[in-house]
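Asker: Assemble the whole structure, with the sequences as input and the hints as a guide.
As a plain string of letters, each chain reads:
2 protein chains.
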Amino acid sequence: MDAFFNSRTVAVVGVSDSPDNLSRSIVQNLHEFSFDGIIYQVGPRGGNAFGRRIHRSVSDIPDAVDLAVVLVPARFVPGVLEECGQKGIRRVIIESAGFGEYGPEGVALQKQVLDIARRHGIRFIGPNGIGVANFKNGLVVPFARLKDVFRRGRVSILSQSGGVGLSYLNVLASENLGVSKFVSIGNKLDINECDLLEYLNGDPETDIIVMYLEGISDGRRLMDIARRTGKPILLHKSNIGSLAREIAQSHTASLSGDDAVVTAALAQVGIARFDDADTLVNYLKILPLPRLRGNRLAIISRSGGHAVMAADACEKSGFELAPFPEEFLRSIEKHFRASVIRLTNPLDLGDLFDFDMYVRIIEQTLRLPQVDGVVFLHTYIAGMEGERSQALFRRIEELTFQVGKPVAICVATDHEELNVLRKTLPHPVFTAVEDVIHALSLVRDFHHDARPEPRMPDWPIDRGTVRAILDRALSENRSLLLPEALAVLRAARIPVADFVEARSRGELEQALAKIDGPAAVKLSSAKLSHKSDLGGVQLNVRAADAPATWEAMAGVARRAGDENFSLVVQPMISSAREVILGIKRDPNFGPVILVGLGGVFVEVFRDAAMRVVPCEEQEIDAMIRSLKSYPLLKGVRGQAPRDVGAIKQALVALGQLAIAFPEISELDVNPLMVFTEGKGAKAVDCRVVLKK
Amino acid sequence: MDAFFNSRTVAVVGVSDSPDNLSRSIVQNLHEFSFDGIIYQVGPRGGNAFGRRIHRSVSDIPDAVDLAVVLVPARFVPGVLEECGQKGIRRVIIESAGFGEYGPEGVALQKQVLDIARRHGIRFIGPNGIGVANFKNGLVVPFARLKDVFRRGRVSILSQSGGVGLSYLNVLASENLGVSKFVSIGNKLDINECDLLEYLNGDPETDIIVMYLEGISDGRRLMDIARRTGKPILLHKSNIGSLAREIAQSHTASLSGDDAVVTAALAQVGIARFDDADTLVNYLKILPLPRLRGNRLAIISRSGGHAVMAADACEKSGFELAPFPEEFLRSIEKHFRASVIRLTNPLDLGDLFDFDMYVRIIEQTLRLPQVDGVVFLHTYIAGMEGERSQALFRRIEELTFQVGKPVAICVATDHEELNVLRKTLPHPVFTAVEDVIHALSLVRDFHHDARPEPRMPDWPIDRGTVRAILDRALSENRSLLLPEALAVLRAARIPVADFVEARSRGELEQALAKIDGPAAVKLSSAKLSHKSDLGGVQLNVRAADAPATWEAMAGVARRAGDENFSLVVQPMISSAREVILGIKRDPNFGPVILVGLGGVFVEVFRDAAMRVVPCEEQEIDAMIRSLKSYPLLKGVRGQAPRDVGAIKQALVALGQLAIAFPEISELDVNPLMVFTEGKGAKAVDCRVVLKK
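Heads up: the protein sequence lines correspond to chains L and G, in order.
First residue of the first sequence: 1, per my numbering; consecutive thereafter.
First residue of the second sequence: 1, per my numbering; consecutive thereafter.
Honestly, the hints are just simulated from the structure, not real lab data.
All values reported here derive from a predicted model rather than from experimental measurement.
Where hints are given, some of them may not hold.
No copy labels: a pair is met if it fits in one copy or bridges any two.
[To be verified] Derived lysine-lysine pairs resembling DSBU-like cross-links, with alpha carbons at most 30 Å apart: (1) 584 x 316; (2) 514 x 111; (3) 334 x 111; (4) 136 x 147; (5) 628 x 316; (6) 692 x 679; (7) 87 x 584; (8) 648 x 628; (9) 231 x 334; (10) 679 x 147; (11) 628 x 584; (12) 231 x 679; (13) 584 x 692; (14) 423 x 648; (15) 147 x 423; (16) 147 x 527; (17) 136 x 679; (18) 147 x 334; (19) 679 x 584; (20) 648 x 682.
Answerer: Dropping the structure here:
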């Protein structure tokens, strides 16, 4: 992989002497960034460019070539690749468009290209991307011309789209944030984001990895790599829904899966998902500071108004303002000229203009045990206080690393001064109150340490029984019948409501007679998967209702064309909270478990949580707590709390099932009746769909 | 009011020859912005500054003075004001701090200042603000020194806090957005935001008004002014909650009321509320374009990736992407070089580099009847396409005003080029995809036309009955009893569930006997306002339960120390959706009506809506529709829709009650039982609290 970023000899293929030839820009970029290797120009029409000749073919190059950068019309790419292979070039960047993103012809071309590459052992990036840039050695080959306005640093960008990658480069430049490497992978026909993420993870010149993806090639592998790395990974996964899908396909042939699964999966492995440039900048400004280890901030401000705004922002993002001890306030009070301000947190510096005093106050505040981080809001007029302010910022930065807690600086001054600060300060400052609080909330909620392979809590399930049930249904090429589905839950040691199966009116009468109180009667038929919508469920059935109920159900079955149906009879369960549990499989991330509250919450408010399995016990706790409707489980306004432990066990069981039996493509427990704390829960209905 | 912005002769009071004297900055600002009037300097120690003498007192000024700007320690302000009065100065700006925001002494000072001002007929701005700036005539008197980096324009800023006002000025400057007037009002002891809003509303040099407030002085008046003006008003109302309150008080003596009422009130009169600089900039960039009259956008992009991001953003903010007609697509398809892109909306320009063609495509798209607005995403390298791009932007701007639909331009290019664009383009461009879509969503949801005084729909209520009930309770200095509260609802023609009142066990037995089916029994006692929490409500009571119920209720009443209680007996109502309605009074905005769904929705999810009354019928419709739980009223998944009309009528009735009877400080209908469509609704419980 390293050859793509550190080749010494590069061939640029597609160069001509016409002025609007795009490959020329590639050569110009290599010049602009003073590439420290050797450049060869190749183009069928020959001629010369930039004072050097254009070879008519790769084979004409009198020298060994490490890397070929190809920008020719798509139909010529296979030929060029064949030449490269024969020339012994093993690394190629294909920037041409017109492949899979275009249509059938493009797809055929892609297959050709892959075959040739395989045959010659060529690894390549693209097509339909703008290639790589290593700002350290000047190997900068996008066909879009760049000016060297970039500060060298330790952030690397891995983008599927060239345009978005470039605009993120521009964002870094405009904030003067340092950049290390850049790569745009386009259709990622051969090398994909995982290959490059592995490389950047191991790259000593990269500390932070910024990614833009429209589609994820291998969700599981992405998770594994992210889990192993301790470097912050910031991912903009776009293409979230129906509106974007069509253009995304026409553009980089990306399929968008279920976006909620993506969000869950990324959070589980500590990838920070973002979707706008402001958030990206906030991350890049705050990540270099010492980590925020708690939720209690101190606000120190020269402007009372900004202090109020900061307090509002803290309220919105759930920060606490640490109360200042009395003696601390008294110790600083004496420094104020006319003490016109009541001292509190946020601390309004009012008429205190002594910069040394600022540093002392900030240090004392930072060292308070009840303070996890400080926000310093500094309003000043460049003409009067510019230099002193810049010196102040440097001293504050030393301080923050000495103490090991973050001091986030937010500056309100004029535009020119901000540009000076961007160019001169070792660390970036914030320029809007809401941004500095937002940035702190981002890192408060984001831990990117490497983490171990997750282990599902142990939960032995009776695999033999499940296996037998699944095999039978698979052999008959059908989904599970209700009694089978309930049996699977039992085998997974999820408590199930008692039920009996009735195959005749007589059996139904007996069953109802045995139950004291009302019963639920459900139609079990291989022909009906959504029985309740079709009248296949009757509640509060009494013994006397047996004949009518039998007739009704038989009618439903008949209309579905099923003669050998059966009925499942259960005692009604009341005074329980209905919870919905499930298993689904994501094409990208594999097995996922879900939970939500029954009734309107999942269906109307889409209030559900999911995790990719396997996942640790605390992830399951977190997923239940993350429900907006969680207060209803915890018990609100004197209501008794529900048995959350039972929900958790059921989710563990489903996780184990999902892992052990890949042929389960969908499973819904709808509902699980959850009783008050300590009383457990019971599944009363279940639907299992198997992979064909 | 105009004198504050257009005085010809200004006295700056508090000037000394010491270098860190803040009043000197005021004089320097007047010089920096070449004030076209006459400046006098005043300071007790005399001397000279800036080559002109410092008069020892206002009375020494040999000339008539229109405006005095005072920055002296708080305790000297009354003396200076007295001098100003005697000198005949009728307009004063007090920038000194140390008044009401500080404590008791400050409050006393404020009273003194007000008395002197009244006596001399002086109107003043401040104290504790940084005064005014008129960028047209150079009357710029903040004590913070400013450099003249401001483009003259038609946006005026009215800010309570000087610091925030300045940082918004800086934001405008950094985007090179034009500014007209600036004023910071601090403690607004005399002149408040409403006075200045009236002025700016009438100011021919102001098109857009930007406000920052920590507290609202007169909500009703603010609403009236906003309703009358057709100019966009953008308000950052900070100080939203507990964290900000303390600092806000210490800083500009602002009390924060119920923030939800503020939000509702502002929306009702077309004031756009914002709370961050990005949103402000988005408003200021989009407002000058032709208004967006629908929800259907077309995205035209040079970069497929940005198109995908734009589609994501549209999805998030509820925009539709207008489908392009086939013949339209065919008509542009032929212009593409190698047609490597499938054409759709978003439209990826792919390998089309012809700028004239861009204009033609944008115009054709803009003229499509199914397109309400166009977003043009233009990625370019300044070095190659800078000038052509700038020309392109100008042509697009002509186009947007010709056709009368917005074309919002979003540019991805390098930092230097963006600065050039800011300086040279007549209209600002956007620089982030998410911003351009956000801006369009802001104006889609924002109508700032002047609107008539709202009229509540007619709903005659039996005032006599209500009056009698209230007077009786007031004379006995108590809240209403349950039967009285229900009678008030009846008098307001809100349907109430049948009930009988029982004052003895016997009456209770008779009452229960008359009802077939179970009953609800509620304790009515002057001593209990929250009866249900104390066991004062029993549901599903049957005739046989009478003795036990009586005993229980009597016990509750006895414990509350009430011997002459009564019981309200109602037939149980089932199969209805519970809705909560209410009246409350906001100290700032007056009477407010509220609605929310009963059960967990209001209590756990805070899902409620409110409007300041009077309000129009469609506001009440909108308020009901705005509930997150509205789908439950509309009817979800085959559930029958509820009688929303009945809820609406009840809200109208409450609005009329709230207006007609100011002594009602709180009223809750909890719950209103709402039946299926056409079946109406019934109030079953009500609580009314009266103003003492």
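Asker: Could you run down the list of hints and mark each one as holding or not?
Answerer: Right, here's what the structure says about each hint:
no.: 1; hint: 584 x 316; in the structure: between (34 Å within a copy, 25 Å between copies)
no.: 2; hint: 514 x 111; in the structure: neither (66 Å within a copy, 84 Å between copies)
no.: 3; hint: 334 x 111; in the structure: between (77 Å within a copy, 28 Å between copies)
no.: 4; hint: 136 x 147; in the structure: within (15 Å within a copy, 39 Å between copies)
no.: 5; hint: 628 x 316; in the structure: both (17 Å within a copy, 20 Å between copies)
no.: 6; hint: 692 x 679; in the structure: neither (38 Å within a copy, 49 Å between copies)
no.: 7; hint: 87 x 584; in the structure: neither (49 Å within a copy, 83 Å between copies)
no.: 8; hint: 648 x 628; in the structure: both (17 Å within a copy, 28 Å between copies)
no.: 9; hint: 231 x 334; in the structure: neither (45 Å within a copy, 48 Å between copies)
no.: 10; hint: 679 x 147; in the structure: neither (68 Å within a copy, 71 Å between copies)
no.: 11; hint: 628 x 584; in the structure: both (21 Å within a copy, 28 Å between copies)
no.: 12; hint: 231 x 679; in the structure: neither (45 Å within a copy, 62 Å between copies)
no.: 13; hint: 584 x 692; in the structure: within (15 Å within a copy, 60 Å between copies)
no.: 14; hint: 423 x 648; in the structure: neither (52 Å within a copy, 60 Å between copies)
no.: 15; hint: 147 x 423; in the structure: both (17 Å within a copy, 21 Å between copies)
no.: 16; hint: 147 x 527; in the structure: neither (66 Å within a copy, 79 Å between copies)
no.: 17; hint: 136 x 679; in the structure: neither (64 Å within a copy, 75 Å between copies)
no.: 18; hint: 147 x 334; in the structure: neither (53 Å within a copy, 33 Å between copies)
no.: 19; hint: 679 x 584; in the structure: within (28 Å within a copy, 42 Å between copies)
no.: 20; hint: 648 x 682; in the structure: within (13 Å within a copy, 41 Å between copies)
Hints 2, 6, 7, 9, 10, 12, 14, 16, 17 and 18 from the list above are not met by this structure, while the remaining hints are.
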